[in-house]
Amino acid sequence: MAPQKVVLRFDAKISDQPVIYKLVKDYDLVINILKANVNPQKEGTMVLDINGEKAEQGIDYLRSLGVQVKSLTEQIIQNEQKCVSCGACTDICPSGALYIERPDMIVRFDSDRCVVCHLCVKACPMRAMEVCF
Amino acid sequence: MAVEKTYQEINARIKAGKAVVVTAEELVSMVKEKGVERAASEVDVVTTGTFGPMCSSGAFLSFGHAKPRIKMHKVWLNNVPAYTGIAAVDAYIGATEVREDDPLNSDHPGEFRYGGGHVIQDLVARKKVMLKATGYGTDCYPRKEIETEITIDDINEAILFNPRNAYQNYNCAINLSAKTIYTYLGVLKPHMGNAHFSTSGQLSPLLKDPMFRTIGIGTRIFLGGGIGYVAWNGTQHFPGRNTGEDGTDYGFAGGTLSVIGDLKQMSPRWLVGTSMIGYGATMTVGLGIPIPILNEEICRYAAVGDDELYAPIVDYSEDYPNFKSSSLGFISYAQLKSGKININGKEVPTAPVSSYPRAREIAATLKTWIKKGDFLLSEPVQLLANADSGIVANSLKG
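Chains as they are written, first to last, in the working numbering: chain H, 1 to 133; chain B, 1 to 398.
Be aware that a few hints might be false.
Claimed, not checked - Quick list of the computed label-pair ranges, beta carbon to beta carbon:
(1) Ser389(B) / Glu101(H): 40 to 46 angstroms
(2) Ile343(B) / Pro103(H): 57 to 63 angstroms
(3) Arg63(H) / Ile343(B): 54 to 60 angstroms
(4) Gly66(H) / Lys372(B): 37 to 43 angstroms
(5) Arg63(H) / Glu147(B): 25 to 31 angstroms
(6) Met130(B) / Arg113(H): 39 to 45 angstroms
(7) Asp16(H) / Pro142(B): 32 to 38 angstroms
(8) His118(H) / Glu149(B): 31 to 37 angstroms
(9) Asp110(H) / Lys144(B): 31 to 37 angstroms
(10) Gly193(B) / Pro103(H): 32 to 38 angstroms
Stated by the list, open to error - Selected chain B positions facing chain H (Cβ under 8 angstroms, derived; list incomplete):
(11) Pro190
(12) Asn194
(13) Tyr356
Just so you know, the hints here were simulated from the structure itself, not pulled from any lab data.
Where is the CB? At the ideal position from N, CA and C, for every residue including glycine.
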């Protein structure tokens, strides 16, 4: 079964429970934690790559605990607060999603053309291109 | 009659709200339309701007004393080491320093996510920064360790002092090798897959006063969103002219400035921590210089447009790293800004590393400050060496 990416949101009262352990131990799933923001007694989020026969049962288990589970579509966004329109990303982007608007030389991002290759995320000197789940 | 103006006359007009101020971009079209003589008589001040990654930047910080006192021997700001071999509680945080635990290029290309430039940006953003220092303990400075949060407002002095900024001109970088390379001019694709450049061209301060007729020690400037001054020539100040293999003159290059200003009045919009993948951390600095139009010669130089300003094309895979002189030719900023250039019959996409829109904003801001009468021009205490000085660069043996 193909791995699937899911985003979990859980409230403060279950943030201290070993849910990932249960997914591995009881449902025999291969879990890759892509992103996690978990603090004791606070609401948390986690992005997982889940792989295994019992993925659906595992997700039902999470839901039974009250965890909100959503499948995830990864997106790249241009953080306009951070982007200074230098242009260094525009010839790295393979799909033309990042381009310079002439004559003003402003860097624009057309998310419809983005293929989520992540090249800009590291090439941007200001770290203005962000992965958004 | 030849135009001759003095700083005093121009400042009197600024104070009276009557000065004619234009950006360098506006002057280019004005001179094309009206000619140099009329433009020189009408215009008092031309404003310039540049906003690009500028290594050789940093800040002196004086923290104030703790109780009991410590003579700092090692200092870290958000885990980025600062140099404290100056005095007990003084340090210099350099833009290219990285965190103690930075993996550098061990997993190539490294990301260099946070360095001294980011610390400076966090300070001017008035964020809390963790200061850690150790000392060896002396009779008068007994303390051996301190760890405390600071903000820029808590410390006594924060002085931006950049030993080399505002490069007069810069290379257009390409990669002739078969693999992608990661440089201080960005990611360069194999087989001349792209070309990067980093100058604001017709807005660039030192391309607009290329013979240093007005820019010198004490010149008041836009620096990091606030007011700064030219402190000295920059390090590696080798003012000269670019000449093609056939003897063609491709204009001025090689001048640099060292600049200084009170960091506390600057802004995180204009001092931006910067991470060049595979290369390192640095800081992008906003800098703009007003040029008084004292005579026609100064006006003529300031009116040169992107079509008459040239960058040398340099290979960063072999020639630059091995310090070999490169002869791939010159290319105008007008062509570089168009998005494609032609090198040896191949069409190569181009991209800038310095922001033209931000350079334009700096020139416009400086124009507004001067027109409002808030910003007077300062006559340099001493002018800097120019292309006639014959300065030759030394290189290291070994």
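Comparing the hints with the structure gives:
1. Ser389(B) / Glu101(H): 40 to 46 angstroms: Taking Cβ atoms as reference, serine 389(B) and glutamate 101(H) lie about 41 angstroms apart, which means the hint holds.
2. Ile343(B) / Pro103(H): 57 to 63 angstroms: Since the Cβ atoms of isoleucine 343(B) and proline 103(H) sit about 23 angstroms apart, the hinted range of 57 to 63 angstroms is violated.
3. Arg63(H) / Ile343(B): 54 to 60 angstroms: Distance hint for arginine 63(H), isoleucine 343(B) holds at roughly 59 angstroms.
4. Gly66(H) / Lys372(B): 37 to 43 angstroms: Cβ of glycine 66(H) to Cβ of lysine 372(B): about 59 angstroms, so the range 37 to 43 angstroms is violated.
5. Arg63(H) / Glu147(B): 25 to 31 angstroms: violated (44 angstroms)
6. Met130(B) / Arg113(H): 39 to 45 angstroms: holds (41 angstroms)
7. Asp16(H) / Pro142(B): 32 to 38 angstroms: violated (44 angstroms)
8. His118(H) / Glu149(B): 31 to 37 angstroms: Since the Cβ atoms of histidine 118(H) and glutamate 149(B) sit about 34 angstroms apart, the hinted range of 31 to 37 angstroms holds.
9. Asp110(H) / Lys144(B): 31 to 37 angstroms: Hint violated: Cβ distance 56 angstroms, outside 31 to 37 angstroms.
10. Gly193(B) / Pro103(H): 32 to 38 angstroms: violated (25 angstroms)
11. Pro190: violated (13 angstroms)
12. Asn194: Where the cut-off is 8 angstroms and the nearest Cβ of chain H is about 4 angstroms from asparagine 194(B), the hint holds.
13. Tyr356: At about 4 angstroms, which falls below the 8 angstroms cut-off, the nearest Cβ of chain H leaves the hint on tyrosine 356(B) intact, so it holds.
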